[in-house]
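Asks: Construct all of the structure, not just a fragment, from the sequences and the given hints.
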Amino acid sequence: MAFGTETVYGLGGRADSAAAVAAIYAAKQRPAGNPLICHYPDLESARVDAEFGPVGLALAAAFWPGPLTLVLPRAPGCRIAANAGPPDTLAVRVPGHDAARALLRAVGVPIAAPSANPSGGLSPTTAHHVLAGLGEKIDAVLDCGPCPVGIESTVLNLSGPYATLLRPGRVTVDEIEALIGPLGVPGDEVVRGPGLLGPHYAPRAALRLNALCATAEEGFLAFGEGGRAQGPVFQLSTRGDLTEAAARLFTGLRLLDDIVLRRGLSDIAVMPIPNEGIGVAINDRLARAALRT
12 MAFGTETVYG LGGRADSAAA VAAIYAAKQR PAGNPLICHY PDLESARVDA
62 EFGPVGLALA AAFWPGPLTL VLPRAPGCRI AANAGPPDTL AVRVPGHDAA
112 RALLRAVGVP IAAPSANPSG GLSPTTAHHV LAGLGEKIDA VLDCGPCPVG
162 IESTVLNLSG PYATLLRPGR VTVDEIEALI GPLGVPGDEV VRGPGLLGPH
212 YAPRAALRLN ALCATAEEGF LAFGEGGRAQ GPVFQLSTRG DLTEAAARLF
262 TGLRLLDDIV LRRGLSDIAV MPIPNEGIGV AINDRLARAA LRT
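Everything in the sequence shown is counted per the numbering used here, starting at 12 for the first residue and increasing by one.
Rather than coming from a laboratory, the hints here were simulated on the basis of the structure.
In this text the structure is predicted, and so the values were computed from the model without any measurement.
It is possible that part of the hints are untrue.
With beta-carbon atoms standing in for the labels, derived distance ranges [unchecked claim]:
no.	residue 1	residue 2	range
1	Gly-171	Ala-110	26 to 36 Å
2	Glu-186	Ala-298	16 to 26 Å
3	Asn-221	Ala-86	42 to 52 Å
4	Val-184	Asp-154	32 to 42 Å
Ideal Cβ positions, reconstructed from N, Cα and C, are used throughout, including at glycine.
Replies: This is how it looks when you write it as structure tokens:
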């Protein structure tokens, strides 16, 4: 079943069941080898399956419950199915959403849950988005309302000799480095986190990034003031607020995507987003989406 978190809606299944994990991959048509995040109600339950170490414990204490995923060595006797990720590591998170943690406590086992959408497509931030994308491929959706963060969690790899950022999110590099010091540079290693295999987060229409204006043949994803458009517009934040923009990003792309395709327009033009704070994560999603188109 799908359920809401503070980041995006996840498609959940028992992380200790190889059959349930395989069903998640099948429903999403997700490439094998793209790891799943295992969700827990609290740090204590996550420590059953993953080895945290001092750095992992410090990060969990600072940012959990919340939008930070840690990639950690699997603990001896780890319960998680082998097909949920690499054989030696595990991506784990305690979500910062009351309904999600209540579900996890009620189920009593970790839940593997990638975003509840067809692989590579726009992530869902409402229950309606989930149904539009997966429909009859899933059993149920727990409607937890709109996701307040609106983009996927930050993913930090702690399984190597130094911490590396695999995916930016709401928890920023500045916040992490203020706690544990400078991050290293990811190497050419086994894929240990989600969202790293090529194009992701993409609408069906093409994207044109860093556009200050849009023609009548384009949708326009606007941010703050200064943009000019002749066609349909979705404003991420009239006051230029990056947190608001992140929460509205996937909704805006979905609405403009539908309009562009329905009207036979050419593409979606996207205004520049400041590359600071959560804007780094917004630009990451936009850049990956543009790769597909």
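Asks: Which of the numbered hints are not met once you compare them with the structure shown?
Replies: none
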